[in-house]
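Asks: Could you build all of it, start to finish, from the sequences and the hints given here?
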Amino acid sequence: MAIIAAKNLNQAANQRTFLDGSKRSVVFLKSVVIGRGEYLPGWQWSKHAGPQTGKPSAKHIGYIISGHMVIQGAGNKQTTVGPGEAFEVGPGHDARVAGDKPCVALDFEHLE
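The sequence shown begins at 43 in my numbering and counts up by one.
Heads up, a few of these hints could be off.
[As the list claims (entries may be wrong)] DSSO-like mimics (lysine-lysine), calculated; alpha carbons at most 27 Å apart, straight line: (1) K65 with K89; (2) K101 with K65; (3) K101 with K143; (4) K65 with K143; (5) K97 with K65.
No lab work stands behind these hints, which were simulated from the structure alone.
Replies: Structure (structure tokens):
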């Protein structure tokens, strides 16, 4: 029997407002966590999210809807991603909004 799981990110029970006012909504499906973040200019994981969650950044896959994000991985390697671009990043990375416009992004984490 096929199982279908559907949830609305606009009505997610799990919503967080970060220290700078940026927001992230999360839904849990059977095998994946999907998040949508609306990150304000100046937002940075290590300054506005990590201290609030008390956790290091996790491995995940993302997709940028609007705005730009600079992602810094191991060895300080950086890449900038923008609208229509997908990315995959390992644990322990940092990320920040690039430019003066908010960044709206989806992220996906596999549930083990």
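Asks: Each hint should be assessed against the structure and marked as holding or not.
Replies: Now for the hints, and whether the structure bears them out:
1. Simply put, K65 and K89 have alpha-carbon atoms about 14 Å apart, close enough for the 27 Å limit, and the pair holds.
2. Only pairs whose Cα atoms come within 27 Å are accepted, and K101 paired with K65 is accepted, the gap being roughly 20 Å.
3. Distance check on the hinted pair: K101 and K143 sit about 25 Å apart at the alpha-carbon level, within 27 Å; holds.
4. Among the hinted pairs, K65 with K143 is consistent with the structure: their alpha-carbon atoms are about 14 Å apart, no more than 27 Å.
5. A threshold of 27 Å between alpha carbons decides the hint, and for K97 with K65 the separation of about 17 Å falls inside it, so the pair holds.
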